[in-house]
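Colleague: Chain A is fixed; fit chains B and C onto it per the hints.
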Amino acid sequence: MGLPNVSGDLSAEMEVDAFRRLFPLRFYERHLADSIRPDARPLGRARDTTMALGAVASADGSALTKIGSTTMLAAIKMEVMTPSTDSPDEGCIAIDFHMPPICSPIVRPGRPAEAAPVVSKQLSDTILSSGMIDLKELSLVSGKAAWMAYLDIYCLDADGALFDCALLSAVAAFSNLQIPVVSLNDDGKIVVVSEEGEEGKLEKEPVNKEKRKLTLRSLPFSLTCILHKNYILADPTAEEESIMETLVTVVLDSSSRLVSFYKPGGPVLAYTSAVQDCVALTRQRVKELQKILDEAVSGMEID
Amino acid sequence: MVGLSVGEKYFIQGGINQNLRSDGRKRDTYRPIFVETGVIPQANGSARVRIGTTEVIASVKAELGRPSALHPDKGKVAIFVDCSPVAEPTFEGRGGEDLSTELSVALQHCLLGGKSGAGAGIDPSSLVVAEGKVCWDLYIDGLIVSSDGNLLDALGAAIKAALSNTGIPRVHVTAAASGDEQPEVDISDEEFLQFDTSEVPVIVTLTKVGRHYIVDATSEEESQMSSAISFSINRKGHICGLTKRGGSGIDPSVISDMISVAQHISEQLITKLESEISAAEAGEDEL
Amino acid sequence: MASKPGSAPTTYTPTPTRKSRPPIFKDSDVDWVRPDGRGFHQCRPAFFRTGAVNAAAGSAYAEFGNTKVIVSVFGPRESKKAMMYSDVGRLNCNVSYTTFATPVRGQGSDHKEFSSMLHKALEGAIMLETFPKTTVDVFALVLESGGSDIPVVISCASLALADAGIMMYDLVAGVSVSCLGTNLVIDPILEEESCQDGNLMMTCMPSRYEVTQLTVTGEWSSAKMNEAMQLCLDACSKLATIMRSCLKEAASATQD
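Protein chains in written order, with full-length UniProt numbering: chain A, 1 to 303; chain B, 1 to 287; chain C, 1 to 256.
Isolated chain A (complex conformation):
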């Protein structure tokens, strides 16, 4: 930034890689001027997104999602708790986002990444406020027992747009969730009813025969954009995020209602028109993501 003229002169005689490393911002701005990004995407296009449901056998619901090379593994484990006296008919959801040291060179063991608690908080705020899950559905025996859904999301490869990928994997894991059939035993504990046979001597009637799946209403989907000068870059990579620092994350639900909106500071101040553009890009992206999720879910049902 400090020496724009120097870099301008050198660019003709320097190798591309060296130029990219030495003057990253110039490098990007040259691309942006031609409405293209170094990975050959147009500015408003998100990276390829894939999804696999049921990736973790030991969990009750799980999903592996990839946006470009950003990879997230989300899994839900259901445990039983005694509901609080304020809300005896409601279960709980505990959401945790982890960035283990494998995901990025900047995370080291014992020194957790700064981004992890931020994304964790954003995720639980978004999921709980979106009204996707009715906590009453997690109740088992009123006042006695309810489900505690532990949702853990692990970032396996961090390459930008962590929140988008994490939210997508969380939503996918919930659509993959299969609640085990349980019954109440004599000691007042909840036990799993084994699926195969031995019905004759079966101790107790299952308490949740009907509720094997959660009714998910209005799924939240998100898109993160970078604002830089007049440009809006959708779905940034880690390199882009490190060079251009103003991020805007829009979360819309499947009927395009705004769930949440984050713009955590940054040097660029956004005009309302830019915000509207971001929302428009997100609306488009939500349709794509909804389609990807539907395909993954129907793929599971055929199997």
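None of these hints come from the bench; they were simulated from the model.
Hints are not guaranteed to be accurate.
What the hints assert, rightly or not - With a cut-off of at most 25 Å between alpha-carbon atoms, the simulated DMTMM-like pairs for lysine to aspartate or glutamate come out as follows:
{"#": "1", "chain 1": "C", "residue 1": "Lys80", "chain 2": "B", "residue 2": "Glu97"}
{"#": "2", "chain 1": "A", "residue 1": "Lys66", "chain 2": "C", "residue 2": "Asp87"}
{"#": "3", "chain 1": "C", "residue 1": "Lys81", "chain 2": "B", "residue 2": "Glu97"}
{"#": "4", "chain 1": "C", "residue 1": "Lys224", "chain 2": "B", "residue 2": "Glu267"}
{"#": "5", "chain 1": "C", "residue 1": "Lys80", "chain 2": "B", "residue 2": "Asp98"}
{"#": "6", "chain 1": "B", "residue 1": "Lys133", "chain 2": "A", "residue 2": "Asp186"}
{"#": "7", "chain 1": "B", "residue 1": "Lys76", "chain 2": "C", "residue 2": "Glu193"}
{"#": "8", "chain 1": "C", "residue 1": "Lys81", "chain 2": "B", "residue 2": "Glu88"}
{"#": "9", "chain 1": "C", "residue 1": "Lys112", "chain 2": "B", "residue 2": "Asp137"}
{"#": "10", "chain 1": "C", "residue 1": "Lys80", "chain 2": "B", "residue 2": "Asp186"}
{"#": "11", "chain 1": "C", "residue 1": "Lys112", "chain 2": "B", "residue 2": "Glu97"}
{"#": "12", "chain 1": "A", "residue 1": "Lys213", "chain 2": "A", "residue 2": "Asp294"}
{"#": "13", "chain 1": "B", "residue 1": "Lys74", "chain 2": "B", "residue 2": "Glu184"}
{"#": "14", "chain 1": "B", "residue 1": "Lys9", "chain 2": "C", "residue 2": "Asp87"}
{"#": "15", "chain 1": "A", "residue 1": "Lys136", "chain 2": "A", "residue 2": "Asp60"}
{"#": "16", "chain 1": "C", "residue 1": "Lys224", "chain 2": "B", "residue 2": "Asp123"}
{"#": "17", "chain 1": "C", "residue 1": "Lys224", "chain 2": "B", "residue 2": "Asp251"}
{"#": "18", "chain 1": "B", "residue 1": "Lys76", "chain 2": "C", "residue 2": "Glu191"}
{"#": "19", "chain 1": "C", "residue 1": "Lys112", "chain 2": "B", "residue 2": "Glu102"}
{"#": "20", "chain 1": "C", "residue 1": "Lys112", "chain 2": "B", "residue 2": "Asp98"}
{"#": "21", "chain 1": "A", "residue 1": "Lys189", "chain 2": "B", "residue 2": "Glu131"}
{"#": "22", "chain 1": "C", "residue 1": "Lys112", "chain 2": "B", "residue 2": "Glu92"}
{"#": "23", "chain 1": "C", "residue 1": "Lys133", "chain 2": "B", "residue 2": "Asp123"}
Quick caveat: nothing in here was measured; it's all calculated off a predicted structure.
Modeller: Below, chains B and C alone, put in the same frame as chain A:
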């Protein structure tokens, strides 16, 4: 860390090659072993073991606890080793942490047997008072007072001695409780149960320096090792645990050789150690 | 908000109502079958893939039945400031578990010793003198624990090191054997490990015919020990062939 000159290194290696080590020992001789039992009065059992200038203390503390849900018919045994900064300045603060975890894990592997409890020196089912309700939890703590090599063997010997010194109060279950309630227990002040420690294995570490392997290496000799294998061997000559240290690889046939050598050495060590332990116990009774 | 209670409520995993342990393993019984139908001396099918994590210098994913691990390698990079000068490179290893890796949530953290076991298994194979003053970080994450975790982590880590271009004498392959009654079963699954009488874990460099790490628990006679070691050695060399072909595939894919 041991700082050695090139000459000293050569001297140590040459001595080992010629079966005459710097302190006059042969490759397969131990330094003199001294055992003292009952050194910590407030523990249920304790012992101090000195091998040459290496000195360790082991204590056994028994507490009443609840067996885990997975193994209602077994008590719990925990082994932990602490490296005192008295022994070496580098153990100050967190410096000894790596070594103490390594030694704790090695001792757990060597003394506690497999998951089902087979091959364990201490039978965990003998620690149960009322199945699923009350059991003894044994906390075995090792403390390194002075470190001059061969810590694992010394700790193994100290734990064996401390266990044979251990008396666990007899417990009577007074009232049978129903359901989830904990039964009431009465701990006797007079009657104590003794462990049968004849099955507790000893640990023999063979340290490979050059082409040869030696027992009971001093820390100077350990600084020259390429690798070391610790064998935990019981009276029957069966291997109850094994861990390897040191980076370089060993040919599998050499390992088989080392096993038979270790078995041979362990017989002598068990005899020596048990006579020392009984002498120490006798000495303690006289006082 | 009801879903974010101030204090964490105590929760438990509902367990199936089971009267006693499943009677698959009996001491004298020679005829039992392994829960997954394998032969006693038959390993699970192994799957390896390099380049699982783009952000890392090298990485690998391994899947043995339900055991799934990812290993990333970073470096050689600057050592921590507090480290003293060293004319050979340093190796830093860490193994962690996801909270959902184990059947009961969050039990994976009782494997503190795995990091040092991984370190010991690998250090003998790496040419540390090729990267003086710097550190190579090997981080492993067990996504799902299905038994024989640490040997799988070690094999996967040596593949990730190769993928990162770290110089090694040979690939390190790891295999474990469980002793159940009088039988030896290779590559045990979680169910078998939980009731084993003894375990032998060996990692070796098959081309050099050298054992880099060996741990044994439980009671073993020397004859049994030798039998188990031989089983492991054979399995390791087979495993190394699979690992090698995975590397070759990856290399030829990049050439095309």
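Colleague: Taking the hints in turn, state whether each one holds.
Modeller: The hints, checked one at a time:
The straight-line distance between the Cα atoms of C:Lys80 and B:Glu97 is roughly 18 Å, inside the 25 Å bound, and the hint therefore holds. Of the supplied pair hints, the one linking A:Lys66 and C:Asp87 is violated, its CA atoms being roughly 41 Å apart against a limit of 25 Å. Proposed proximity of C:Lys81 and B:Glu97 is supported: the alpha carbons are some 20 Å apart, at most 25 Å. The hinted pair formed by C:Lys224 and B:Glu267 meets the criterion: a straight-line CA distance of about 20 Å does not exceed 25 Å.
Distance restraint check for C:Lys80 and B:Asp98: the Cα-Cα separation of roughly 17 Å lies within the 25 Å cut-off, and the hinted pair is therefore satisfied. For the given pair, B:Lys133 sits about 19 Å from A:Asp186 by alpha-carbon distance, which is consistent with the 25 Å threshold. This hinted pair checks out: B:Lys76 and C:Glu193 have alpha carbons roughly 19 Å apart, not beyond 25 Å. With a C-alpha separation of about 23 Å, the suggested pairing of C:Lys81 with B:Glu88 holds against the 25 Å cut-off.
Taken as a hint, the C:Lys112 and B:Asp137 pair is honoured in the structure, with Cα atoms around 21 Å apart against an allowance of 25 Å. Taking the CA atoms of C:Lys80 and B:Asp186, the gap is about 55 Å. The hint is violated against a cut of 25 Å. At roughly 12 Å between alpha-carbon atoms, C:Lys112 and B:Glu97 fall within 25 Å of each other, so this suggested pair holds. For the hint pairing A:Lys213 with A:Asp294, the CA-to-CA distance comes to about 16 Å; that is within 25 Å, so the pair holds.
Proposed proximity of B:Lys74 and B:Glu184 is supported: the alpha carbons are some 19 Å apart, at most 25 Å. Our distance criterion of 25 Å between C-alpha atoms is met by B:Lys9 and C:Asp87, whose separation comes to about 19 Å. The hinted pair formed by A:Lys136 and A:Asp60 meets the criterion: a straight-line CA distance of about 19 Å does not exceed 25 Å. Proposed proximity of C:Lys224 and B:Asp123 is supported: the alpha carbons are some 22 Å apart, at most 25 Å.
Between C:Lys224 and B:Asp251 the CA atoms are separated by roughly 18 Å; this keeps the pair inside 25 Å, and the hint holds. As the CA atoms of B:Lys76 and C:Glu191 are separated by approximately 21 Å, the hinted pair is consistent with the 25 Å bound. Note on C:Lys112 and B:Glu102: the hinted pairing holds, with a Cα-Cα distance of about 10 Å set against a maximum of 25 Å. Straight-line distance between C-alpha atoms of C:Lys112 and B:Asp98 comes to about 11 Å, which keeps the hinted pair within the 25 Å bound.
Under the criterion of a C-alpha separation no larger than 25 Å, the hint pairing A:Lys189 with B:Glu131 is consistent with the structure, at around 21 Å. For the given pair, C:Lys112 sits about 21 Å from B:Glu92 by alpha-carbon distance, which is consistent with the 25 Å threshold. A threshold of 25 Å between alpha carbons decides the hint, and for C:Lys133 with B:Asp123 the separation of about 48 Å lies outside it, so the pair is violated.
Violated hints for the displayed structure, listed by number in ascending order: 2, 10, 23.
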